[in-house]
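Colleague: With these hints in hand, go ahead and build the complete structure from the sequences.
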Amino acid sequence: MRIRYSLLNAVAIAGLLAVGPAASLSGAEQESRNLKSIASPDQRITAIFNLNEGKPSYLVNFRGRPLILPSALGFDLKDGALKSEFTLLDAKTSAFDETWTQPWGEQRLVRNHYNELTVTLQQTTEPKRKLRVVFRVFDHAIAFRYEWPEQAGLKDFEIMDERTEFRLASDPMTLWQPALRPQQTEQLYARTRLSELLRQTRLPQGDESFGDNPKKEPVKAATTPLTMQTDDGVYLVIHEADLTDFAAMQLQPRDNHTLKSFLTPWSDGVRIRASAPTVSPWRFVMISDKLSDIGERTTLTALNLNPPSRIADTSWIKPGKYVGIWWGMHLGKHTWNPSKPGESSTDGLGATTKNTWAYIDFAAKNGFDGVLVEGWNKGWAADWVAHAAEFSFTEPNAEFDLASLAAYAHDKGVDLISHHETGSIITNYEAQAEAAFAQMEKLGIRHLKTGYVGMEPRVNRYDANGKLIGAEYLDGQYMVRHYRKITALAAKHHVMIDVHEPIKDTGERRTWPNMMTREGSRGQEYNAWAPDGGNPPAHDVNLVFTRFLSGPMDFTPGVLQVTFPEFRKKNRVNTTVAKQLAMYVTFYSPLQMAADLIENYEKHPDLLQFIKDVPTDWEETRMLNGALGEFVTIARKQRGSEDWFIGSITDEKKRSFDLALNFLPKKQKYIAEIYRDADDADWKSNPYAHAIEKRAVTSDSQLTVALAPGGGAAIRLRQATKQDELATNAR
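Take the sequence shown: its letter number 456 is residue 446 in my numbering, and every next letter is one higher.
No lab work stands behind these hints, which were simulated from the structure alone. A virtual CB, placed ideally from N, CA and C, is assigned to each residue, including glycine. Don't take every hint at face value.
Capping the alpha-carbon separation at 16 Å, the derived lysine to aspartate or glutamate pairs in EDC-like fashion look like this [stated by the list, open to error]:
(1) Lys656 with Glu632
(2) Lys402 with Asp453
(3) Lys82 with Asp66
(4) Lys644 with Glu620
(5) Lys643 with Asp670
(6) Lys659 with Asp714
(7) Lys344 with Glu589
(8) Lys68 with Asp146
(9) Lys482 with Asp303
(10) Lys643 with Asp669
(11) Lys644 with Asp669
(12) Lys684 with Glu715
(13) Lys684 with Asp670
(14) Lys602 with Glu592
(15) Lys308 with Asp607
(16) Lys355 with Glu592
(17) Lys684 with Asp607
Across the chosen pairs, the derived CB separations fall in these ranges [stated by the list, open to error]:
(18) Ser84 with Arg612: 46 to 54 Å
(19) Glu420 with Glu715: 54 to 62 Å
(20) Pro655 with Ile682: 36 to 44 Å
Modeller: Rendered as structure tokens:
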């Protein structure tokens, strides 16, 4: 259902603007003309646009109190600026209300309900360029973007800096991650006051800086989503949506609790190359005094800010679970490349026909949908990053019978999942991509995992003759264009994508629902080999309140053998086994991997059962409790079923709490299948200790959840059968 209708301009209250430059307006008439406001449908959030002395700005109030103080808008262009000398040509308001259905996702039905304000500005000096700013205010968010209309005074142009600010009214606690670092977004999160970012976000000495930093000092920036909590209990998340032909926005900390947009630059310092008419991505801020609103609605807001699907028939796009020839390489059990004397592997090449047969058989026996095979193709060498230009994406290695394995998997009802590691040599990959995707379609291979390991956070860019032009950031416009190109090409050939070393998720899966999942943060692999010992217990919780707010992540949970001294004596998975199960609910991905070696699952059929039972496509998602960086509990209802699943995880602290099950339907009996930490479990000293229990429950029941340090709980709530009721009565 869609409803669009006109609204009268809301009247801005002058007292709300008596902060900073907005207080210097010359008179009531001019003030009324240059102040435009728009409120959320429930009236809790108000965005106010102000044009003061030709300079545009905005502010945001929440429940009648300032939350974002007057903050600058605009751009610096290579041949001028779009940040001052403006007059207001027009202001229009409207409202929109629709409910649309995700083909897959964490929530089947998504309501898209907002009020909109569009202001059209024109500069008073030649060539009198025009700029629009469009605001959308939802019940839990405020979003805005820039539009450059077609005009004589602006055709092809280059942006050198974006002047957008987010000037916070206080100094909130902030969960943040440094931007533009080696390994890109695969960093641990810090939890500090916003003001601390100024002292802690420096790039390594010697790295270049760009744009408005002529002294070549290290750039300071943090990634988005960036999550904050004020002292009076308001939660905010700053992120962007619909990143299509632009550079990713990082956030530069400034004085006075201000964050400024920092557009990831090209190697020559230009931020954006564009032609009018065009638009920027949406900049949006989630706002609520309930953490559950942030957890449940942030990704949906990003989706609402993206265009509808460009794939008319999405029936071929299916969520699922997979196993794969992958974890063994990270442990050192296998290699990606054909093993040679002296190489660090106990079993040699992982991607062989024999190994893949075994994984296909395991997947078919246990109900998994796919088998990932890394290292299947020609070009892998001991130093494969240095030889990445030699990768072929159509030719298998000598030990891998691609055609027969694809046919065998198909006969078993299992999808073979291909892997394209580009080594960050984009020209080599793009030259082969059409042939590679056509081959996949011919063989019935419907899933692809891509990788961009190499020069993170940059990739080399070459011209048509192979001459090096520059090193471009993975988050810059060059790579944004590349990722979109590959996603569209995959859709053309009916291939679903899982991207590792990606750009951040900004909700484009609404437009391209074959863009299923991606990495984009420190995942499970760091537990296998990271010099710092892997992901600490708090990292898993932090991800729920940061990275997962942008969209699905291929974290690769489900490692049941959390210690592996025969492979890595100084590394281990820093969780209990129960927490590994809980991640299948707390960590959303429509393609979920059971990451461990299949022999470890065969040793633990009791724990494997939950992984087999848990779905990856949901009707509804609820955040039941949580605290930033400490713990979280999420409940999800299976799509097409009345079953619910609950996951709860904690940091290094032990916790216990009661969970009300009042989200279950009334008068319906359920069986709770509980996979929990044993009473003496501890991620450090006793990670394998667990208990599996069953009990009858209803919507009136409460479950006491006890989490060990670094632990978790995974619960399946299935409707009780007559057999269950007979068994309960017998007891």
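Colleague: Report the numbers of all earlier hints that the structure fails to satisfy, in ascending order.
Modeller: Numbers 2, 3, 13, 17, 18, 20 - these are the hints that the structure violates, sorted from lowest upward.
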